[in-house]
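Dock chain one against chain two, each of which comes alone in its own frame, and use the hints as you go.
The primary structure of each chain is shown beneath.
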Amino acid sequence: MGRRLPLRALTLAAAPLLVGLVTYVALLTVGGAGVPAAPLGTVVFGSAAAATLGVLILPRLSLRSSSLRGTVLAAGIIAMVITGVAITVSSAAVMLEPLQLSVLVIIFLFGASLGVILEFSLARSLSVDLQRLGATARRIGRGDYAARAEFGRSDEIGEAGRVIDRMAIELQTMESERAVAQSSRQAFLAAVGHDLRTPLAAMRAAAEALEDGLAPEPARYYAAMRNDLDALTGLVDDLFLIARLEGGVLQFSKVTIDVSELGDEAVEALTPVARLKDVRIRLDTSGHVYASGGPAELSRTLRNLLDNAIRHAPPGSEVIVRVRNEAGPMVCVQDHGPGFPDERRDREFEGYTRTDAPDGRTTGGTGLGLTIAKRLIEAHEGRIWVAPGPGATVCFHLPPLPPL
Amino acid sequence: MESVDRQNGDLPRRVLVVDDEPTVREVVARYLERDGMIVEQASDGAQALDALKRHPDLVVLDIMIPGTSGLEILREIRQGGETPVILLTARSDETDRVVGLELGADDYVVKPFSPRELAARVRSVLRRSRVRPSAEKLAFDGLVIDTAARDVFVAGLRVQMRPREFDLLAFLAASPRQVFSRSQILERVWDAPAEFQDLSTITVHVRRLRNKIEADPLNPRWITTVWGVGYRFEP
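Protein sequences, first through last, are from chains A and B.
Residue numbering for the first sequence follows the numbering used here, starting at 1 and increasing by one per position.
Residue numbering for the second sequence follows the numbering used here, starting at 1 and increasing by one per position.
Treat the hints with caution; some may be incorrect.
[Claimed, not checked] Straight-line distance between alpha carbons at most 30 angstroms, and here's what the computed DSBU-like set of lysine-lysine pairs gives:
#1 B/K137 with B/K53
#2 B/K212 with A/K254
#3 B/K212 with B/K137
#4 A/K254 with B/K111
[Said to hold, decoys possible] Far from chain A, some chain B residues (derived; all Cβ distances over 12 angstroms):
#5 L11
#6 P22
#7 S43
#8 H55
#9 M64
#10 G104
#11 S124
#12 R162
#13 D198
#14 V204
#15 R207
[As the list claims (entries may be wrong)] Here are the computed distance ranges between Cβ atoms for each label pair:
#16 B/G81 with A/G234: 54 to 60 angstroms
#17 A/G234 with B/V154: 39 to 45 angstroms
#18 A/A187 with B/T224: 45 to 51 angstroms
#19 A/G247 with B/V27: 30 to 36 angstroms
#20 B/A90 with A/Q182: 46 to 52 angstroms
By construction, these hints were calculated from the structure, which means they are not laboratory data.
Cβ atoms here follow ideal geometry from the backbone N, Cα and C, with glycine treated the same way.
So here's chain B without its partners, still in its complex pose (with noise of 0.2 angstroms):
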């Protein structure tokens, strides 16, 4: 994240894309680069690799390329730093997606997808590596949200977080006990319209939030589900 952090706003960024399919790679270079962005194509692992070493802002990257396998060059990137991934993977490769995302993948996009979702989530996931954090501190009785350091203490323990699930977090202690549907968290914390990413991102990421932060997750206490209408933060 630092890496983004510290560059200027103006530059332009610069995406690597990893995938064996050359009009794949094409398509989603020139919708990149629409957007304003570098683009630079790999089309196997060692390229990939060797890309990787002139440090691109983010790296969309396709989990079956010849090679070295999309999750070891994911775990390459991740030993390098924060680097944003967005992985490619087919329907079929549900095992790989959960590893990908436990490899600390940032997003995932399921073959064969639109080059304009993907154009939407890469937007996405830029913006967030560059926003300035407020140096603001939500404090509750027993749930400390520090959203400069991007921290989070539950009875005074530091508990590790992925980015959405903070941005998650932060947004509904934001504004205690207001309802926010499904679609409305898609589209003011992912920035995504709901057409281009699924529901179930926000009800997976809620159970997760909830497992770290709630002292007994089946019977939550912060994050409330208010049937029928969506989730709220009960302060």
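Just chain A, with the same shape it has in the complex (with noise of 0.2 angstroms):
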């Protein structure tokens, strides 16, 4: 502090000089003539001019004190010294009775006494305090941020203390989530590597094949190798595209756009797909529905909703995309498969989500749909949620096109 703020330093340590002045003016005051103002001038400077070497040396001594209790009490010991050699010197400079200066002394010391064993208390629990705060804050460091400094103190020291605290809080948030989400990561990290070594493994063994004529149909080796190859394609794909999302740095230009026209387009592109697993899909909407977004990143997000929804429809069954206009659009993609298993409502969204056996493949779907269809809405600052069944309904809602 006294490095920092020269100027308040040198305040403090002309505050003894000036209470000196006021003392030495006081004692003038009341003992008129009769008082010798030479020795009491200097005993009053004297005194004044050490407790000043006091002020400016004590704080500097302090830092390399190692308790604070040593530190207070030394503070009171040199203060009671300094007033104690005034007492006696002044009281020899008026010329008092040996009996008054002993009481004068005696009663002094009493004084004194109880001063540095008040001054010692007062240490006593600040110094326990921030030996508490030192451990709390040691703990926290080796990483058990159950700790806490929890004391009732209102001045600086409590406010220290409920800062470690509420920093102690934050840090437990911080771990759960990321032992969450790194569990999560490597599920996701199991998932997908599963799904790269399969086509991978696959396209090694048909390719050695044909190198060394064991393929007795070339043709269908080659056919296998080049769909394995699409499924990896898109697995990259769409690993990358949620690597952006999650960075923040998918950027995409914004247009005014009908929602009900991608819909379409999605109910059209999927059809083929939705036959082959003999499910119908629909478009109901209530006619144009305009927003303002991306229109590859709103296709895409439509297209995953439905493809999710027919891999879950069972045969013979009806799929139904609903748009309608409700202070923006809102989209629904509904199925009549079985639905979101309740625990897994509200993780449908995360991560690498996979309910139906390994060959979806064959569907397209990577088991990423989800999770990109609401990293994309996000970044429209709209809404994604799992309406209430029967069957699967996903929803999104997006905000409304802003007045022109």
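Put into structure tokens, the structure is as follows:
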């Protein structure tokens, strides 16, 4: 403090001198002409100078002291010694009787001792609390985020304790979020790793068989390899898209776009896929419903939702894409499949979800469809959710077109 | 366009393929040569600029090539004329793709692409640029489509159109009130099987077209959507 605010330190150092001046004037006023001005002046200003020295030196010395209690005690004792010397010398100057002087000194020692006891007890409580603060900070530093200082003090030390406690709570929250993210990330990597390796293994086997002339129908092997490559390409594209969405670096230009048209397009685009599964898909729209968005991104979202619904729809059933204007485009894609398991309803949009068997690949899904849809809708400041059954209904809502 | 139109239909078409990956160039060249085209290859910007001096009929251009950027080369081509260009782009190059189309590329293919698909696109673009215009004029109340001059007038004012936008409008207007699905439009106007082109191409072109010819693009009067079926032109 002294180094950073020299002005304040200097003011504080001048304080004993000021107090000395006031004392000297008071003594002269009380004593009148009979007072020995020179000796008293020497005593008062000498003591003040000693105190000034103390003010300048003590804070620096206290930095090296290992105990707050010791420092406060030392300051008390120094003040007591200065006062004691001043009393003794000035008593001699005004020629006090030995008995008077003795009583004065004894009473002074009594008062000074009480002062030291009070200072000591205060210093002790400060020191205990500061030690606890230190211990708490050390535990947090070692990763024990459950540690709390928890004191009832309302002074600066109490505030420091509360700041440390708040920091610990934040660290605890971050840590638990990180742990959850870590475990879902590991599950994600395991699932992605599996889906990357499966086509790679198939391609490697097919390539080797072709090289060694052990493929009786090469055309079939080549076609299978191309299918595997398509699956890998789709997965790599999805992973890159997710990485860019999560890194917040996906850039797309927004235009005024008709969400019903995109729904219509998605229905037409996925009709062949639906036909393979004997599922009918139908668009139910109230007409043009406009939003401001990335055409490719919103088209992708709709197709992901529709693709996901088709994958879960039982044969012979119908999947409906409903588009309405409810203070902005509101789209619901509904299938009549088993619906989302209750315990996964909230997690359906997170990570790598594949409820069906690994042969889900045949419909082109990578298991990242809903995650991508959620991120894309959020990138449009929209909301996406799972609506209550029967069947599975995923809805999203986009902000309305801003007025021109 | 003029530079290709004056060519006789029997001459083999010359295609310049610009890509820094030798395998990609070679495979694309094989496919195009199988279709009877003469292919010249360039692996970087300098070679591409040099080959452009020999006026190819079409350029297949990778955006990411060493030396001069693909977009620079596209700009160069557009300054020299209307030679059709098909861009090769990475999936993440959305911005480049948009810029490329704005600069006047005729089509794009996303890497990794199917060489079969690319060959089909090349054939489609070349066929279109070889089309002999019919001397017909489609006139409606407030909209005139001059198929000979490939000009469109809205309320008497000429509207700038990209080739595909014009083709789409002329196609729809030629059969008023008839509904066409996106796949049908892809096959008839783009001359590409639906598996090689995404249906969103049509949605995007219809949107651009509406922005150009409709008084209120949000409530279209000329090109309407028949939900669940497709698009139609209202005379």
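A/G234 versus B/V154 beta-carbon gap, inside 39 to 45 angstroms or not: holds, 41 angstroms
Just to be careful, I want the Cα atoms of B/K212 and B/K137 compared with a cutoff of 30 angstroms; is the pair within it? Roughly 19 angstroms separates the two Cα atoms, so the pair holds.
For B/D198, is the shortest beta carbon distance to chain A beyond 12 angstroms? violated, 7 angstroms
May I ask you to check that B/V204 keeps its beta-carbon over 12 angstroms from the closest beta-carbon of chain A? B/V204 is in fact no farther than 12 angstroms from some Cβ atom of chain A, at 6 angstroms.
Per the hint of 46 to 52 angstroms, is the separation of the Cβ atoms of B/A90 and A/Q182 within bounds? Distance hint for B/A90, A/Q182 is violated at roughly 31 angstroms.
Any Cβ of chain A at or closer than 12 angstroms to B/P22, or is the non-interface label fine? holds, 19 angstroms
Would the least Cβ to Cβ distance between B/S124 and chain A come out above 12 angstroms? Non-interface label stands for B/S124: nearest chain A Cβ at 20 angstroms, farther than 12 angstroms.
Supplied distance hint 54 to 60 angstroms, evaluated on CB atoms of B/G81 and A/G234: violated, 38 angstroms
Is B/K137 close enough to B/K53, meaning Cα to Cα at most 30 angstroms? This hinted pair is violated, its Cα atoms lying about 36 angstroms apart.
Agreement of B/K212 and A/K254 with the hint, judged by alpha carbon distance not exceeding 30 angstroms: holds, 18 angstroms
Hinted pair, alpha-carbon criterion (30 angstroms max): A/K254, B/K111. Please report holds or violated. Given pair A/K254, B/K111 holds - Cα atoms ~24 angstroms apart, limit 30 angstroms.
Does B/M64 sit more than 12 angstroms from chain A, CB to CB? holds, 15 angstroms
Figure legend: structure checked against the earlier numbered hints; hints not met, in rising order: 1, 13, 14, 15, 16, 20.
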